[in-house]
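Number of protein chains: 2
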Amino acid sequence: MTKTKKPDPHQLVFIPLGGVGEIGANFSLYGYGDQWIILDCGMGFADPIQLPGVDLTVPDPAFLEDQGSKILGMVLTHAHEDHIGGITRLWPYLKCPLYATPFTMGLIENKLKETNFGARVKRHTLDFSARFTLGNFDLELVDITHSIPESQGVVIRTPAATVYHTGDWKLDDQPMVGSITNQARLEALGDEGIDAIVCDSTNVFSKKAAGSEADVAAALLPLVQQAKGRVAITCFASNIARVQSVMEIAVKTGRTVCLVGRSLWNMWEVARNCGYLSHLPEPLIDRQAREIPAHKLLILCTGSQGEERAALAKIAGGTHPHVKLGKGDLILFSSRIIPGNEKKIFKLYDALLHHGVEVVTSYDQAIHVSGHPGQDEMRQLYSWLKPRVSIPVHGERRHQDLHAKLAVQEWGCQKALLIDNGGMVRIGAGQVEAAGRVVAGKLAVDGETLVESSDPVFAERRQLAANGLLSLTLRLDAKGALQDPLHCQTLGIPLLEDEVASLPRQMRKLVDHCLADRTAAEKRDSQLLIRELEKSLKRWCKQHYQKNPVILVTLV
Amino acid sequence: MTKTKKPDPHQLVFIPLGGVGEIGANFSLYGYGDQWIILDCGMGFADPIQLPGVDLTVPDPAFLEDQGSKILGMVLTHAHEDHIGGITRLWPYLKCPLYATPFTMGLIENKLKETNFGARVKRHTLDFSARFTLGNFDLELVDITHSIPESQGVVIRTPAATVYHTGDWKLDDQPMVGSITNQARLEALGDEGIDAIVCDSTNVFSKKAAGSEADVAAALLPLVQQAKGRVAITCFASNIARVQSVMEIAVKTGRTVCLVGRSLWNMWEVARNCGYLSHLPEPLIDRQAREIPAHKLLILCTGSQGEERAALAKIAGGTHPHVKLGKGDLILFSSRIIPGNEKKIFKLYDALLHHGVEVVTSYDQAIHVSGHPGQDEMRQLYSWLKPRVSIPVHGERRHQDLHAKLAVQEWGCQKALLIDNGGMVRIGAGQVEAAGRVVAGKLAVDGETLVESSDPVFAERRQLAANGLLSLTLRLDAKGALQDPLHCQTLGIPLLEDEVASLPRQMRKLVDHCLADRTAAEKRDSQLLIRELEKSLKRWCKQHYQKNPVILVTLV
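Residue numbers (my numbering), protein chains in the order written: chain A, 1463 to 2018; chain B, 1463 to 2018.
Rather than coming from a laboratory, the hints here were simulated on the basis of the structure. From the three backbone atoms N, C-alpha and C, an ideal C-beta is built for every residue, glycine too.
The calculated label-pair distances, taken between Cβ atoms and stated as ranges, are:
no., chain 1, residue 1, chain 2, residue 2, range
1, B, Gly1892, A, Trp1727, 54 to 60 Å
2, B, Glu1959, A, Ala1982, 32 to 38 Å
3, A, Lys2000, B, Gln1750, 34 to 40 Å
4, A, Glu1984, B, Leu1990, 35 to 41 Å
5, A, Lys1786, B, Glu1959, 51 to 57 Å
6, A, Asp1960, B, Lys1584, 30 to 36 Å
Here are the simulated lysine-lysine pairs, BS3-like style, with alpha carbons at most 25 Å apart:
no., chain 1, residue 1, chain 2, residue 2
7, B, Lys1985, B, Lys1971
8, B, Lys1584, B, Lys1573
9, B, Lys1867, B, Lys1669
10, B, Lys1669, A, Lys1809
11, B, Lys1690, B, Lys1758
12, A, Lys1867, B, Lys1789
13, A, Lys1776, A, Lys1805
14, A, Lys1867, B, Lys1809
15, A, Lys1789, A, Lys1805
16, A, Lys1867, A, Lys1669
17, A, Lys1690, B, Lys1867
18, B, Lys1809, A, Lys1669
19, A, Lys1867, B, Lys1690
20, B, Lys1877, A, Lys1789
21, B, Lys1805, A, Lys1806
22, B, Lys1573, A, Lys2004
23, B, Lys1776, B, Lys1805
24, B, Lys1985, B, Lys1941
25, B, Lys2000, B, Lys1971
26, B, Lys1805, A, Lys1805
27, B, Lys1867, A, Lys1809
28, A, Lys1557, A, Lys1532
29, A, Lys1669, B, Lys1805
30, A, Lys1848, A, Lys1669
31, A, Lys2000, A, Lys1985
32, A, Lys1575, B, Lys2009
33, A, Lys1573, B, Lys2009
34, B, Lys1997, B, Lys1941
With the sequences and hints as input, model every part of the structure.
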């Protein structure tokens, strides 16, 4: 890690602390002089092998704490968890006011209600296309489309340079809910001059455009029309346009919608409060599903990623108290497979098929579109904005790589910069350059505790997971003679019955052997003795189980 | 689990103990009277979340042990690990002779050399297209193509019925190595009459045929020709045709092949012993790579699935002692992504790209073909064999489902049977029917021990992994008074420094509280006391860490 550098007062500085590569949780810093603003504050899912027992991670804001600089505010581009899910964990370390449009702020407020500091968080609800200043930053929101309402691009103007930060986006002429991308404003910004674009790379491998929500609605309708039994549809809860399409299809096909899953209800309520979905009838709660005949029911449920605690996993496993699916019923996965979830999702398909449910996914029929831009859309945005430099973010290195290549070779940029989390970019008059690295990393949310992901506790847990534990407690008298009984216990080590029975005897032999060569003085050095016993037990385990359990020796 | 049934003496019985759904390791039983033969004995990869610390699993052969029936022999259809990888673990429980063609047997023999029972295993090396009898079974091998040489279908004839067991297969007119599928023989078998086909479903979602090895060779050549720096190619080591294509391309482009990875060398040697690859120059070992100029080197390496200990992971991580890749070099992934390995493989791409290596995969260019039949090929095989009944295996439920549907609706079968591992099918004169279930499951290979995958040790390990451990050792005197000092230790629990310091005091308070209400008699009941202390510590942890660590109380 190179040393943290103070930014040059006459340049705009951009640093992603998350949002690139492994740390998918978005967290971007823009600095000018000693002032900072934060764009987005997301969370990510933890790798269950590397961080066992941890569900979520958030970017490590240590750099900001080190700087002691002024954080003027945090702007949230949209309400996806990888953009707002870190607020409830990190706000106590940042203590800055929040800026967001109504729907995004509504979801943030629901989260803050569950914290003990929520009331202290200053919140500014912004109009769409708002222009406002924070210290030396002149900020402007630009309406764009995405798979959630009110997604906003952000123009960051400083005396040094102007950057366009896309957030997550796509182009959709018929987004079904919310405004379409403000092309005129983007073209005007291009004429004004954009020094650099910080742009979403997620879907750059797709040559075509992402596709429209209207097409999804059109593809879903005939499938529901032809269905004879129950129809269940699962989608990302935050995709309000999709929720609306499904509910409209229910009206058209004479079905009643039953909403199953907490996050769908949360979204439904915030969306209604913001004036969305207002033309639709109130859906049923899960308990009411059984009152509706199969051919009149449309179940909209969470759990498309195979999440074990979500509604669909329970329905597929036959353990949901109110909602069942079986022979003659149909489930539509109006979603994609997020890499890493394949096995969980395939298990879900199999469980549903075992019950005789017909399974249709977006890999069979066009019942899902991405929320991120394919190459066609990126080309268009670049042509409107004409940025001098491209800074690809939101994606892994292979996405950034292709994005950078296309930006320079095909979309007219003079240059593209590949950066990692913690990489600093200086953007000044005529110059956009990488400028070293700052401290970056991720924090594991363990219970309610934030723990550095490199903390040795996780290595301990991994060793316990892979090898189990052997604990030995022994008591020596003042002369160093071993007193009976010796207590030994194992956890996670597969032992046959006779091995369990003979374990104390075997341990006794090992201890005796270990003590035999020691002087009285050595026996009184309990630290030394424990170390020696641990070594000898370790060797014994290796030999008997070809494994390396954690050895815990307690000397009383 | 329903009770194990003895098979009807006048019917042929088929039972997969592995090879379907979750237990991908192939292990099929065919029974007639009290005689059994086994087809294939594979291993599978363990789910690292469910079975932490376990790399491999094998099917549980408990049913055969229970039966006490005669196992006449085990026929190995080909040498992939999911077909032969279980032999070294399970043979001691089966103790039957092995039957395989030379290449398959060669690889088995290499495995057996590493066991202490290898010399006792009776082995029969078969000719291609061999016909031989085992008890009441009249068996015949049929040459088919696959992604490894000498893959064989097996005709199982008994007085009751005739079954064709496909093993893993595809159709390839130009397999590059080995014989092509014996279409004439398959058509003759169709005329003779096949009661049921037990058929590979892996690739049934592909409408087209799998494609030919010759096409892969043709696609690889120009990529290597155009390369200016080092070229590395990674593929499945057992794909001898691919290895040959790569080596021939090296000759054509004036490059020297360096073979990196143990399994590639193992395959190379067995293949050469069987007369394959004999026209090719001996490749270099990894140490010699540095002697060759970059533009003259072709590295063929293992690790296409992101396996952490394989050659490619080391090369990508810059930790391989002899082989380096960097700017100007090219890596070709002549392989597919096996579901579940996405994240590991993406990490590999990213590491290579970070070093400036150009990465080309089979998702960019047609440099890989599947070894399993698409619908076109399946249609052809069904048309040759004209089986009455289809029994789809090798795939998850969704593969079996589509396979069954197509077999009946499009490929002329009267019927298709969907079975799981442990499902029994009776195949008699004019009747093919599901007939209950037998004991089936999987065994975890933990160190050198075989452990039932449902064993509680794995639940212990999972709890240790997710929550860590709190161990407390205390000593009471004869009157039940607590003696100093109290020993407490934690593993895998994130504690701040002051929390660590105050832990003994806190524990002492808990213990005092727990002892306070006890009579002298209760204090002497150490089991009761331990239980109560564990409960109280559990509550305390939940309150302080929102976690549920394993609690280990030792009372001395």
